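Chemist: So you can see what is in the structure, the chains are spelled out below.
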Amino acid sequence: MTSKKRSSPSLSGKSSAAEYLSALSHKDALARNVVGVNGSRVSSPSTTPALSIASSSMYTSSSDDTEIAELVDDGLSFPSVPPTSEIVYTTRHSEFGHCSNEAYRYTPHHDPSRPVSGHVEEDPPYYILFTTYISYLLLIIIGHIRDFFGKKFYPKDYRHLMPFNGYAALNSDFDSFYTRRLKTRLDDCFSRPVTGVPGRTITLLDRVSEDELNTFKFTGTKTRALNVSSYNYLGFAQARGACADAVEESLNRYGISACGSRSQGGTLDLHVAAEALVARFVGQEDALITSMGFATNSATIPALVGKGCLVISDEYNHASIRFGVRLSGASVRMFKHNDMKDLESLLREAISQGQPRTHRPWKKILLIVEGLYSMEGTLLDLPAIVKLKQKYKFYLYVDEAHSIGALGAHGRGVADYFNIPPHSIDILMGTFTKSFGAAGGYIAGSHALVSRLRLRSHANAYAESMAPAILTQIIASLSCITGVESSAPSSALTSSHTVTAATDDSRDYRGPVPASCLPSWIELSPSLRSGEEGRVRLRRLAFNARYLSRALIKLGFITYGHADAPIVPLLLFHPGKMSQFSRLMLERKTPIVVVVVGYPATPLVTSRVRFCLSASHTKEDVDLVLDACDEIGDLIDLKHGSGDRWPLEEIKRRAVELVEME
Amino acid sequence: MSAPSSLDPLLTFLSYSLLKVQDIFFQLPGSAVIARYVRSSHQNDPGRTALELILVVFAVRTLLQSRTRTDRSASNFVKLTEKEIDELVEEWVPEPFTAPLTPAEVHELANLPVIQGASGPKPKLVNTGKTVLNLASYNFAGLAGNEQIKERAIETLRKYGLGSCGPPGFYGTIDVHMDLERDIAEFLGTESCIIYSQGFSTVASVIPAFCKRGDLIVADRGVNFAIHKGIDISRSNVRWFDHNDLKSLETVLESIEKERKKKGGKLTRRFIVTEGIFENDGQMLDLPKLIELKQKYKYRLILDESFSFGTVGRTGRGLTELYNVPATQIDMIVGSIANSLCSAGGFCAGSRVVVDHQRINGSSFVFSAAMPALMAVSASEGISLLTSQPSLLTTLHENIRAFRLILDATATVCPIQIPSHPASAIVHIQYRPNAPATLQVPTATSHKLSLSPSKQSNPSSLAPRDAQEFDIELEDKLLQDVVDEALSQGVLITRAKRLRGQEPAEPRPSIRIAITAALTKKEIEKAGSVVRSALVKVLGKRR
Ligand SMILES: Cc1ncc(COP(=O)(O)O)c(C=O)c1O
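If you're matching them up, the sequences are chains B and R in order. In this text, residue positions in the first sequence follow our numbering: the first is 1, and each later residue adds one. In this text, residue positions in the second sequence follow our numbering: the first is 1, and each later residue adds one.
Be careful, since some hints might not be right.
With a straight-line cut-off of 27 Å between C-alpha atoms, the simulated DSSO-like cross-links for lysine-lysine are [claimed, not checked]:
id : chain 1 : residue 1 : chain 2 : residue 2
1  : R       : K526      : R       : K497
2  : R       : K296      : R       : K212
3  : B       : K156      : R       : K298
4  : B       : K152      : R       : K298
5  : R       : K159      : B       : K217
6  : B       : K307      : B       : K363
7  : R       : K261      : R       : K247
8  : B       : K341      : R       : K83
9  : R       : K159      : B       : K589
10 : B       : K363      : R       : K79
11 : B       : K217      : B       : K156
12 : B       : K389      : R       : K79
13 : R       : K212      : B       : K151
Over 10 Å on every C-beta distance to chain B, these chain R residues come out as not near it, computed from the model [what the hints assert, rightly or not]:
id : residue
14 : G189
15 : K477
16 : G490
Treat the hints as calculated values from the structure; they're not laboratory data. Keep in mind that this is a model prediction, so the values were computed, not measured. Cβ atoms here follow ideal geometry from the backbone N, Cα and C, with glycine treated the same way.
With the hints as extra help, turn the sequences into a complete structure.
Modeler: If you want it as structure tokens, here you go:
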């Protein structure tokens, strides 16, 4: 960590690691034909890597890519195995990777005889913890020293932190200390501006900082990088293909906006259609769509519980849930992350003790959990919770923001994964930002409950309703996952908003949707209608997820989370290693962008890098990530796992075996 | 003392493990530097080493303190046996999750208008299959369905796809977002701007990003629901002033100032929170007067321009343009991108410090996926249309005038009142029975205000002294009858839908009309006379 500190030129005795690091990045820079000046990357426009090469027969003549510079093989634009003449890809490799090898597929299934949270969170050696604390300490001390002198010598820079002219500081120096003195050091790793589709690859706008990461300047160049950061589980972030075509048609038909809130002049036929589809998709009677995922939680929870109610919440629940719970005025208790014992003892205590002081029984108890935790990669222990629910009579609210579409053999989320009837969950909430390449969120539940929410949800009355283009993306991507029943195509939208697609038929909700549920102007190719494409996406995602998480463990890293989860956190521990890891990944010959997270989003010592896999990645992409992790892991000392290790080449060779291991 | 001897083995163990740690530590890259630093700092100032150690202990303590700690130690805790707990669990019957719908509620949901196809000035309804004149949807400047915007949106779709697939911090910051932020900042004349992906969630995030526990908020009693939620979650101290009454504001500010002088204490952050055009009734703020007060008493101003941005001022820059006040005099201008730009999302414009602060502290900015690229581009395009075609706003203003002419005349023949400002693009119509017989029992205070104007409302309470009395159920029903009648004559209007029971201060029931520039003056006049005849038909005889 210290080796990267720009602010300490006094550390003249460069440690060997630092020298090695800079030599390495220099080498990588050379390899990319980029000249390093003052540590910043400057490259002439002519060396900009090719932004995108349409490699399918369908798009070779696409005129939309005016930015194709020259055909540089940056390792991302072409598949490593060129397609044969029989295979016709309908996607762009840079958006959605070409992978025709049927072996690189996996169908996830849950073995009921095995415990869900069988995963052990491994502790690192003590010296790691020790040095981690030391480095926080150093950062804090140096930060205070800099503040002390800074206030003396550069009072102008501190004005907004000090009372001024009769106004209290907008943000006191104490409150903002962490941000200014710790987070700023890694600021080049956050909020990196991008352009283009956040698909399999993503294009960064290169920037440099000349003032210790306080401000950035754009160099005007771009870098295309492998994207293991965006929430794009099923790879629907695409500017080409059936979904984008449907969205274009919708923009032509509907324009941009629905012009108002749901209950005040902003309800379109598309809202009704999309809600019916979503309800079917998740196996509930009815669903309500909101234009923002965050607001789906924050504006719904207060409509469900209030004073005299108790909310029991997992300690790692998302900020939007906490926001909503705080607004509701209900009492809150938290239980240890995914710990069913702790939950049960909390339930016993809460019910037996009743409300504080008065000991009156709680009006209702609402348990709010997430299906897949976005920082941990852990899976909800749904079977255990459903058992507890029968005994303790609480209501259950599952936030499936990350699990819907991404989990289960049919992409229907945790209930699908564990083969539990969705009706045993009172409220299924989810977002469309992650698996559907769209935006917004939904609440699904019984007809009575959702109707009540239509009247009580804050968002329904006051927030703008979801835009028609986004609804179309949802309808198209969702029917691509389910497939469409091959009945006679209906002529028009027939459903009225009071009649939602009921799930009264006894068939499995995980089947294809009837064609009458789709607006007639949405055209889907046969492979989409049959659900074939959807199945491939689900199985590719499942393969990639298992491959990466298992391979990282075999390489000796400490990771968290469930093997079937498409989120794989790799533990870094040291705050300084976050920026090192992120920068080294970006400086590789084939750049990779990663998300690093540390305190306060995670506990102090467990800073981590989080990989989000996608169906759009190919096995070779995962191999690239493994190569990079292996090298960087050795370099900055990350391999502290205790399990048995395999050499990298063996891992890559035996990938399929690794994935299929129990 | 026997302590030293019993401590001996512990000490040897400690020094042994310390050595071990030291060994490992020095194998680490960069450890020598740390060691040198610690050593030298210790020589200069041993006190600091002690301080650092305390910090370590503190850090470890924070870490070990579980967030899930239970309060079993509380004095109020009743010890129970497992069997007793089992019985209590067995006995406990929770209330139903939600109350079943009443027939009226079922009816309301079933009759919600659903637009078939595109929304706009003349959409077709699914419910009736008929085309209507639309005075319900927000399309103030008439940008809905604009071909130029559509074209740009489609281009953007083909370059960026739809979703942003991540929050702004994690590769969700797209170049078009930065463009839109710059466009809005330039349009308004502020240093900087930040965009949120939903208008409604914007102000509810902006307020708690700045106002913390112990800070002071002085707010209008009539602010919209989202502002109330933002104030709730901030947990700041709140003082209320009478709705759109700057005299009342001044009294409140004065009394706070007096109190502060008396008590002393440290300077806290102080904010005034109000709206440009009030969502709940369409009244308009006297901005210059407010700026004067805020500067005199040194408050920061959070101004929600959701309904004034894009509707008032020559080119739609909002109240600052209307009153010719530099936007930089308002600390945080919050507005909606969805309402008048017909896109999606919200923004907060202000100084760079104000904006950057939100990039880390605005909950719904940090923890939510960024806005889809094509929405941002549509909004940018909308702004450029507003600036390049001032006729959009002129038409809107003319239409408002034409509509108000008809409506204001109706108020003389019907028991209605129109609280909205004559320039407001949203027009609220309230039922105002003259005959006291239709009132609920008037409370003693309700009519005395004019007699004793010296008595002020209590600033700590949201309820004003001279609360209007109204019968929500009755008025809602009558107004809904007006809405239904207008619809049957081909004009779509809506009641202002409230979250009854959840509203911090129940606003008086009203019909909310949204004027648009997309209809011609003739059509607006026609719609106006339909609304008038519906009002007369339903309410005329109740005079
Ligand atoms: C569990 C959870 N809920 C809700 C949200 C908010 O969703 P959105 O980004 O669509 O606003 C997120 C997104 O980060 C999430 O992880």
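Chemist: Compare the distance between the alpha carbons of K152 (chain B) and K298 (chain R) with 27 Å, and conclude whether the hinted pair is satisfied.
Modeler: holds, 26 Å
Chemist: Does the claim that K477 (chain R) lies off the interface hold, with its Cβ farther than 10 Å from every Cβ of chain B?
Modeler: holds, 16 Å
Chemist: Are all beta-carbon distances from G189 (chain R) to chain B longer than 10 Å?
Modeler: holds, 20 Å
Chemist: Just to be careful, I want the Cα atoms of K212 (chain R) and K151 (chain B) compared with a cutoff of 27 Å; is the pair within it?
Modeler: Status holds; Cα separation ~24 Å.
Chemist: If you draw a straight line from the CA of K156 (chain B) to the CA of K298 (chain R), is it 27 Å or shorter?
Modeler: holds, 20 Å
Chemist: Regarding the assertion that G490 (chain R) does not contact chain B, is the least Cβ-Cβ distance greater than 10 Å?
Modeler: Non-interface label stands for G490 (chain R): nearest chain B Cβ at 15 Å, farther than 10 Å.
Chemist: Check the hint pairing K217 (chain B) with K156 (chain B) against an upper bound of 27 Å on the C-alpha distance.
Modeler: holds, 22 Å
Chemist: Would you mind confirming whether the straight-line C-alpha gap from K526 (chain R) to K497 (chain R) stays at or under 27 Å?
Modeler: Distance ~25 Å between K526 (chain R) and K497 (chain R) Cα, so the pair holds.
Chemist: Measure nothing beyond the straight line between the CA atoms of K159 (chain R) and K217 (chain B); if it is 27 Å or shorter, mark the hint as holding.
Modeler: Roughly 24 Å between the alpha carbons, so the hint for K159 (chain R) and K217 (chain B) holds.
Chemist: Check whether the Cα positions of K341 (chain B) and K83 (chain R) lie no farther apart than 27 Å.
Modeler: holds, 18 Å
Chemist: Would the pair K261 (chain R) and K247 (chain R) pass a check requiring their Cα atoms to be no farther apart than 27 Å?
Modeler: holds, 21 Å
Chemist: Within a Cα-Cα threshold of 27 Å, do K296 (chain R) and K212 (chain R) meet the stated pairing?
Modeler: holds, 23 Å
Checked against the numbered hints listed earlier, the structure breaks none of them; every hint is satisfied.
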